[in-house]
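Participant: Sequence:
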Amino acid sequence: MTNPEIPQTPTTAAFYAQAAIAFGVSLATSVIGILYLPLDPWQRGFLGITLLFLTSSTFTLAKVVRDRQEQSSVRARLDEARVDKLIAEHDPYGKLRGRPVPATPPAQGGTPVPGAQAQGAP
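Just so you know, the sequence shown maps onto residues -11 to 110 in this note's numbering.
There could be a bad hint or two in this list.
Subject to a maximum C-alpha distance of 25 angstroms in a straight line, what follows is the list of computed SDA-like cross-link-like pairs (lysine to any residue) [stated by the list, open to error]:
#1 Lys51 - Thr(-3)
#2 Lys51 - Pro(-2)
#3 Lys51 - Thr(-1)
#4 Lys51 - Ser18
#5 Lys51 - Tyr4
#6 Lys51 - Ala64
#7 Lys51 - Tyr24
#8 Lys51 - Leu39
#9 Lys51 - Ala2
#10 Lys51 - Ala1
#11 Lys51 - Ala8
#12 Lys51 - Gly12
#13 Lys51 - Glu68
#14 Lys51 - Leu23
#15 Lys51 - Phe41
#16 Lys51 - Ser14
#17 Lys51 - Phe11
#18 Lys73 - Arg56
#19 Lys73 - Arg63
#20 Lys73 - Gln59
#21 Lys73 - Ser60
#22 Lys51 - Leu40
#23 Lys73 - Glu58
#24 Lys51 - Gln6
#25 Lys51 - Ser61
#26 Lys51 - Thr0
#27 Lys51 - Arg63
#28 Lys51 - Thr38
#29 Lys51 - Ile37
#30 Lys73 - Asp55
#31 Lys51 - Ala5
#32 Lys51 - Val62
#33 Lys73 - Lys51
#34 Lys73 - Ser61
#35 Lys51 - Val13
#36 Lys51 - Ala69
#37 Lys51 - Leu66
#38 Lys51 - Ala10
#39 Lys51 - Tyr81
Because the hints were derived from the structure by calculation, they are not lab data.
Remember, it's a predicted structure, so these values are computed and weren't measured experimentally.
The whole structure should be built from the sequences, with the hints applied where relevant.
Facilitator: The following block contains the structure:
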């Protein structure tokens, strides 16, 4: 049987470092630019909040794109099919189905079964 796994290239440490440095530099220069603009404090605050919202939206978009890519991969679909098959085959109550459930209360005084007739009732 062939392996349907899609080859994935690992991220190198240099690429990771370059991305982290670029993010840090761009965020820092944006903050410095906002601080040195000749604006009123409320305008600086607005630009600062806008920058924070833009940054968080960028992270969210990157995660959504990555999640969608992972869902469409062959490996993820095969894993999902295996889990669905295991869930469909799992029957936690299979042992109970083999034994009939008593419909009458126990003979030696015990707790009566719900729905059964009380002793002495016609």
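Participant: Looking at the structure, which of the earlier hints fail to hold?
Facilitator: 7, 14, 33, 39
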